[in-house]
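One-letter residues, chain by chain:
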Amino acid sequence: QQQVKQSPQSLIVQKGGISIINCAYENTAFDYFPWYQQFPGKGPALLIAIRPDVSEKKEGRFTISFNKSAKQFSLHIMDSQPGDSATYFCAASTRLFYNQGGKLIFGQGTELSVKP
Amino acid sequence: GAVVSQHPSWVICKSGTSVKIECRSLDFQATTMFWYRQFPKQSLMLMATSNEGSKATYEQGVEKDKFLINHASLTLSTLTVTSAHPEDSSFYICSAQKQGGTDTQYFGPGTRLTVL
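Protein sequences, first through last, are from chains L and G.
Start counting the first sequence at 1; every next residue gets the next number (the numbering used here).
Start counting the second sequence at 117; every next residue gets the next number (the numbering used here).
Okay, chain L solo, but in the shape it has when bound:
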């Protein structure tokens, strides 16, 4: 029940296309859903995050769509660029108490390759 399932494992997209990565969870107590981008040999960097009270959040070319009833959320990368080629991780966590989050449960990761 603590798992976050991520798909696809790998994704190849042409430059300018839309990259879509999906995640699903079971634990309804999760209330924070971030996406991280990781380049080889580097630590993950926060891209965008969402809470269950909204269905969509957009920041630049990155959009999170959230479906609370289906317990699914997805990352859309518009106008994908070769520089977006990286591994993307979704994650989920519950809040332990006010102003402090709990541990993140990560998805398996998606290796995105954007072809020029």
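No lab work stands behind these hints, which were simulated from the structure alone.
Accuracy of the hints is not assured; some may be wrong.
Stated by the list, open to error - With a cut-off of at most 27 Å between alpha-carbon atoms, the simulated BS3-like pairs for lysine-lysine come out as follows:
no.: 1; chain 1: L; residue 1: K115; chain 2: G; residue 2: K180
no.: 2; chain 1: L; residue 1: K42; chain 2: G; residue 2: K180
no.: 3; chain 1: L; residue 1: K15; chain 2: L; residue 2: K115
no.: 4; chain 1: L; residue 1: K115; chain 2: L; residue 2: K103
no.: 5; chain 1: L; residue 1: K42; chain 2: G; residue 2: K157
no.: 6; chain 1: G; residue 1: K130; chain 2: L; residue 2: K103
no.: 7; chain 1: L; residue 1: K5; chain 2: G; residue 2: K171
no.: 8; chain 1: L; residue 1: K103; chain 2: G; residue 2: K171
no.: 9; chain 1: G; residue 1: K171; chain 2: L; residue 2: K58
no.: 10; chain 1: G; residue 1: K130; chain 2: L; residue 2: K42
Following the hints, put chain G in place on chain L, whose structure we already have.
Chain G alone, transformed into the frame defined by chain L:
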């Protein structure tokens, strides 16, 4: 900003020796820091959660006597791999949450440990 540093960025050691990895929050105070381990092409695996001034909480299956964690101040946590063996070779990444902040975890750049 929210910058987390790790030192060293890479280390090679002989089997049986101990290695200490430092994690620092450079521009904020961190109530909670997390230590992860990542194998090639795999997701991040949480090892332990540390809160300043208290004992770390280890995830199931992580040997607390082998992976010693100290969180002595609001800006520094250390992970010591004791009596390292080749199977401990991995990418170790820390993250930190801001004191009085939100659920966001800010990740360090990681430390590559190779045990010969």
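Here is what the structure says about each hint:
1. L:K115 / G:K180: violated, 44 Å
2. L:K42 / G:K180: holds, 26 Å
3. L:K15 / L:K115: Given pair K15 of chain L, K115 of chain L holds - Cα atoms ~6 Å apart, limit 27 Å.
4. L:K115 / L:K103: Answer violated: K115 of chain L to K103 of chain L is near 35 Å, above 27 Å.
5. L:K42 / G:K157: holds, 13 Å
6. G:K130 / L:K103: violated, 32 Å
7. L:K5 / G:K171: violated, 31 Å
8. L:K103 / G:K171: holds, 16 Å
9. G:K171 / L:K58: Status violated; Cα separation ~39 Å.
10. G:K130 / L:K42: holds, 24 Å
Violated hints, in rising order: 1, 4, 6, 7, 9; the structure is consistent with all others.
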